[in-house]
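Number of protein chains: 4
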Amino acid sequence: MSSPKLQVAVAGLGRMGLRHARHFATLTPRAELIAVSSPVQAELDAAKREWPSVRTYLDYDELLREETGLQAVVVASATTIHAEQAIKAIEKGLHVMCEKPLSTSPEISQSVVTAYKQSIKKFPAQKVICGFSRRFDASYRDAHRRMANGDIGVPSVFRSQTCDKLDPSGFFVAYAEFSGGIFVDCSIHDIDLALWFFGEDSVVKSVTAVGITAVQPELRKHNDRDNAIGIIEFYGGKIAQLYCSRMMAAGQEDTTEIFGTEGKIAVNTQPQLNLVNLYESTGIRREIPPDYYGRFREAFITEANEFTASCLDNTPPPMRLDGAVKAVKIGCALQESLITGKKIEFDEIGRRIETAKL
Amino acid sequence: MSSPKLQVAVAGLGRMGLRHARHFATLTPRAELIAVSSPVQAELDAAKREWPSVRTYLDYDELLREETGLQAVVVASATTIHAEQAIKAIEKGLHVMCEKPLSTSPEISQSVVTAYKQSIKKFPAQKVICGFSRRFDASYRDAHRRMANGDIGVPSVFRSQTCDKLDPSGFFVAYAEFSGGIFVDCSIHDIDLALWFFGEDSVVKSVTAVGITAVQPELRKHNDRDNAIGIIEFYGGKIAQLYCSRMMAAGQEDTTEIFGTEGKIAVNTQPQLNLVNLYESTGIRREIPPDYYGRFREAFITEANEFTASCLDNTPPPMRLDGAVKAVKIGCALQESLITGKKIEFDEIGRRIETAKL
Amino acid sequence: MSSPKLQVAVAGLGRMGLRHARHFATLTPRAELIAVSSPVQAELDAAKREWPSVRTYLDYDELLREETGLQAVVVASATTIHAEQAIKAIEKGLHVMCEKPLSTSPEISQSVVTAYKQSIKKFPAQKVICGFSRRFDASYRDAHRRMANGDIGVPSVFRSQTCDKLDPSGFFVAYAEFSGGIFVDCSIHDIDLALWFFGEDSVVKSVTAVGITAVQPELRKHNDRDNAIGIIEFYGGKIAQLYCSRMMAAGQEDTTEIFGTEGKIAVNTQPQLNLVNLYESTGIRREIPPDYYGRFREAFITEANEFTASCLDNTPPPMRLDGAVKAVKIGCALQESLITGKKIEFDEIGRRIETAKL
Amino acid sequence: MSSPKLQVAVAGLGRMGLRHARHFATLTPRAELIAVSSPVQAELDAAKREWPSVRTYLDYDELLREETGLQAVVVASATTIHAEQAIKAIEKGLHVMCEKPLSTSPEISQSVVTAYKQSIKKFPAQKVICGFSRRFDASYRDAHRRMANGDIGVPSVFRSQTCDKLDPSGFFVAYAEFSGGIFVDCSIHDIDLALWFFGEDSVVKSVTAVGITAVQPELRKHNDRDNAIGIIEFYGGKIAQLYCSRMMAAGQEDTTEIFGTEGKIAVNTQPQLNLVNLYESTGIRREIPPDYYGRFREAFITEANEFTASCLDNTPPPMRLDGAVKAVKIGCALQESLITGKKIEFDEIGRRIETAKL
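Residue numbers (this note's numbering), protein chains in the order written: chain A, 1 to 358; chain B, 1 to 358; chain C, 1 to 358; chain D, 1 to 358.
Bound conformation, chain A alone (with noise of 0.2 Å):
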């Protein structure tokens, strides 16, 4: 109780970035919110009337200025200034949890792995990581330690989906100028599972997908899709299927199997949203959680005070920060992929093969 607590800062309160600051305010008894920035001043106004001793900031680097004693900062503002967010919280060797992805870029998300390489240095009780809040749910750590433990012999095949509930209001076709596609905004927990499962250090030989724009035609205009399938095939003999979608009617659908030479792991094939079933003149139905963070909560949570113990204690953070990028740069390929209906491939060294041009 009377440990010091790891002094946070939360740069950005839009959808996610007020679920991080509460996460930290009030679910992770080891941190202290103290300070918070954005750009929107109702935000602000918001965060002060619900925590009045957390200061408020509408400009970040005010924050990283003023804020002395600040130990941590949780970047969640758009996914457009993570990585410059991230980079000069690193520079200043504070700790860092970025939401993902680090950047719709490649080398954007890779100059912050370098920024930390960098800094480490310096500062080598720093950490940094990228948030995959899969990685913190009980269900995926069940399944992967498993996995891990040889229940399902050599893991081969890999199926994994990331479904979004219609939202009819039009805001993700707004929300796709910038988002980098489905396959970096959605396919990317999926795809960092597929690292995750099959391991970190896994080469990807090809990538492939295709799409379609079933309800949202509009998404057309951002080179992007409301459903797509991608294939990723790495080198050793292991395969991935995908599916993004924006366009499920119940909810929200995550689901994953891991198929391996001995068995299946399956994850949330039965979504639900807890334990009750209704009976009615229509037949037996359950509900299933609206959203990402119907679904996850819990494994923000659990994200928010580990990453709090890694820091506070000096302990190995729960991912590696590299992992992140690869998962970008296979989001993008995938992403590519789905608009020029190419079939994209890569040696195994990870250099991408030019074929003829056509």
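No lab work stands behind these hints: they were computed from the structure.
Please read these numbers as outputs of a predicted model, since none were measured by experiment.
Hints are all accurate, no fakes.
Calculated cross-link-like contacts (lysine-lysine; reagent style DSS-like; alpha-carbon spacing at most 25 Å):
| no. | chain 1 | residue 1 | chain 2 | residue 2 |
| --- | --- | --- | --- | --- |
| 1 | C | Lys-5 | A | Lys-5 |
| 2 | C | Lys-5 | C | Lys-88 |
| 3 | B | Lys-342 | C | Lys-342 |
| 4 | C | Lys-342 | B | Lys-343 |
| 5 | A | Lys-5 | C | Lys-48 |
| 6 | A | Lys-117 | A | Lys-92 |
Facing chain B, according to a computed beta carbon distance under 10 Å, are these residues of chain D, among others:
| no. | residue |
| --- | --- |
| 7 | Asp-151 |
| 8 | Phe-259 |
| 9 | Glu-262 |
| 10 | Gly-263 |
| 11 | Val-276 |
Beta carbons: idealized from backbone N, C-alpha and C, even for Gly.
Please build the complex by placing chains B, C and D on the supplied structure of chain A, with the hints as guidance.
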């Protein structure tokens, strides 16, 4: 193909009679439906249209007299004449498959058994069974096989329910006049299963029941209820819990659990119509069978085929007839307890223990 | 963040006491654990190591005397001293959250309520609750909300079970000496739920129970059983069916169904540990929570937070205290019926109807 | 009963041939099995024992010559002679039900359709179908009916898998020599379903596939794989994702999902052998069907009965024959892509687009 087929008549062409007739006419390759009887001319006319070669009778006795090639009778008439029709066929040396219950009266039920015991001396190959359809259901058989194999240790607690979909037409109110009451009509199946799983020689120590009329208060005029709960205590440390209802919204919910000292087997605790799940804006939904026949159709067909095989091949019938009397006795005792509010106790040789008059 | 935290002490550091202490120490942001008591020095030592700033007491009375800043006490000691410790705290004007049951005796349970009714005149903001954890479970709350909303018509039949995993160590045999018996210890939760769903003012008409000792015959020396079935009949046409067991093979199986005139709500009828399914050579398998805490941990944490909020904000406590006495009364009547084999009846104002001596 | 029965012969008495023979012999009341052919004398001997009145032939041509009363032939021989035997029967004006695939070659498959188109001019009541058994499955039919009814809006994404239980005997390695490869052998069903759900006139835009040999590297010598993933892109904004495997641990896992713009239908995403769940010390377990027949037996029987009815009553056959050619074409293209690693594209009238030589 060329071996002679069992020559079968069906008595009664109501809901279940017609189904039995169809099963024997087209889904029991080793049987041939040759005649039907019904007191309702329209039912006979319909049968004639469906099977032109089948002979029809308004009078069951005439059928027995005229059909000299007849080998087996399926009694599926009104419950009140089950016993009488069964006994007439038995006395002619015919095989009999009688719909449950033999009678709503234990004494009359017993008279069928007595007639059979008498008749079999003269016709040693004669088969008479009372159709407890669940014993022919693949899932119940799988459960019984596992239990008999010792998979759950000693079966000790049994819980089972027969819960019908609400029929707002008032059918059950009229039906209750002759049904023997909800425990004799619905729970008879669960009682038979309890005897099957605990052993047919199990001795009842006590029965208790309570009930309500939640949706059809008119049932009270026939001393019946629309929802009832019962407990059967057996000598030897075994207990059974029953629930019967005519109020289900979603469809037929017949579930059974057998708790043993080393495990439990559950049958149909997740009811379903088929393997389809519907993902809709209100969640995930599946339908369930609307009625008893929707759940047990395959079992009825198996019953027809196994009864036929037993008759043709002179192999032991699939179940003992005297169990049917025992089930009726228990059902009647539960029904009495339901109405009087008294617990009824029995000694170790099955005699009722009269409690002091209160 | 800066608002003062509820100053809490926990009495008892056994299995549940330690859990409560942890919930208040680290998972209840608005509370501060300041002191603990236990008659076991080793437990206090362990607490000191876990929370160096928390003060420890061998003597509960000393804790009450010394901790002048104390605002709330969590009573989680042995059941036999729940009431005494609760009353002492109540009389000091402290808020109290007492583990269930208040006592295994209805009279002693009532004495806690009486003390609270007396005390609240002097301390009108005082909160005293008995912790029925399931009322804080998200699934039960969802079920209750739907029922209260009329989604299933009139709730008429209630079926619930508390079934513990078999503990072959013999723990429960020793525990049975003071537990009040399986209906008071296990089914108390189901009884409380029945009252919650049917209305806390529901009047019991009769109770009946039977039971067996399938795995631990030694329980008989404490007048207890390892499997028991009970029926509660309420005035007004409502019935409840209970099953309690200490023999489950797979883990904790606590399920509840509420049958209404227009639908049914089922809670946890498909138990599961998490969202993982394992596909193995023997089929598809999932694990289930090993114990009560595995199933209800989140509910306990919610309970701690809501109790804290109610104390700090002087809002109504999440449940009425007198319901806890009623649940014990019903549990004791069921336990008596279990042992005597007699049905116990009550009149419409709750007085027991004495049947003729037999 | 007295109406004449369809006179049926079965060619081939291997695994599926024997099953078809049994279905027609005893589970298709309107059909009569009169003859069988097989090049294996032992199989004929066994058939003779099972059905003494059935005539047996080592030579299929002789069967066709001798059986003058023959009306229909079920071709269930080795895949390599499906087409030849089918065409011979077609040219005699017989009804034909041919096991899938017509051939592993699109051209040969087409020749069967051509023969039928020719023959039907002379025998206008002639029925020829290729047995895609899933179209007769109650769950798939329910799914299709709901989709056709508009329940899920516009079907846009299709995902389906045929995953066999691992057979460690090496059977599939030998079988792969003539099977046409995993996409032609297994996925042909999923492809047929895709055409059924998306419309049989759907035009393929591209196919891509990847695969591995996780458990049986010997398959490579026959240009086959034991796990493969494929994508089919259709003109008109529809995409399909396939997975085929011969590596499942638990049993047959054939699941299908159809994602529409307003909902999704899932078939068999929770596979099960029956309605039994086993509660054991390791959790809750259910078995699943061990093989394709275990899952689809009822569908095969329905197929036999509906084919028979269509022949006897001269009603439209349950499916179009040319779809079977289309499915083979798509399967062959996927298999080619699997082996070459190239995406294969088609123009809007189905002609393959040759990409630049690389």
